[in-house]
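Trainee: Listed here are the chains, written in short residue letters.
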Amino acid sequence: AQSVTQPDIHITVSEGASLELRCNYSYGATPYLFWYVQSPGQGLQLLLKYFSGDTLVQGIKGFEAEFKRSQSSFNLRKPSVHWSDAAEYFCAVAQTGANNLFFGTGTRLTVIP
Amino acid sequence: ETGVTQSPTHLIKTRGQQVTLRCSSQSGHNTVSWYQQALGQGPQFIFQYYREEENGRGNFPPRFSGLQFPNYSSELNVNALELDDSALYLCASSPRGGGLTYEQYFGPGTRLTVT
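Chains as they are written, first to last, in this note's numbering: chain A, 1 to 113; chain B, 1 to 115.
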């Protein structure tokens, strides 16, 4: 069965510092992987996706993620965090048999001045 | 290009009642999925509609049902509401075809409170 693990429930970083949010997945084949961001009380916004090809994918708002098959990971990174990046971040894997996304439990990002 | 819209924004219902939530898909998208997001959790898949038929379902009881209309908009109906149904209900639309099916774009959600 597919699963997504986001080991960090809450991360605090200083504005301007670099950021890495971890995501590990369990899936039998090459997965479709996604990162979404959710601001308080809002829906989810797609940051980036990996379907195939180049394992380093660029997204919106200066985010990037790297797919590492050997580690079953798809970590999200940003070189310099802005206060507006404070939000909840969700990693998701596509369940191709059921046509849906399976989400991790999320990582809450706090940005301090 | 109009994004995914949902109505109402907030809703308060009493246990045992029925509720209908509505979703309009993004222009050009013919597939609609519904998710339930409990407080502090990630979204959980309820079901997906394509060509007005259910096209995949998560681990939710039959009292969760849906419809899709010819213009691709959709409704989520929940009967016999329970306290645990209190959550943010998210609608997502996507184009159909290969991996694009999974590139889902979410609406702002409907916050349902059951008392």
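FYI, nobody ran anything at the bench for these hints, they're computed from the structure.
A portion of the hints provided could be inaccurate.
[Claimed, not checked] Cross-link-like lysine to aspartate or glutamate pairs, in silico, DMTMM-like; alpha carbons within 25 Å at most:
(1) K61/A with D85/B
(2) K61/A with D85/A
(3) K68/A with E103/B
(4) K49/A with E103/B
Trainee: Taking the hints in turn, state whether each one holds.
Mentor: Taking the hints in turn, this is what the structure says about them:
Of the supplied pair hints, the one linking K61/A and D85/B is violated, its CA atoms being roughly 34 Å apart against a limit of 25 Å. Between K61/A and D85/A, the direct Cα distance comes to roughly 9 Å. Compliance with the 25 Å bound is thereby established for this hinted pair. At most 25 Å may separate the alpha-carbon atoms for a hinted pair to count; K68/A and E103/B meet this at roughly 20 Å. Straight-line distance between C-alpha atoms of K49/A and E103/B comes to about 8 Å, which keeps the hinted pair within the 25 Å bound.
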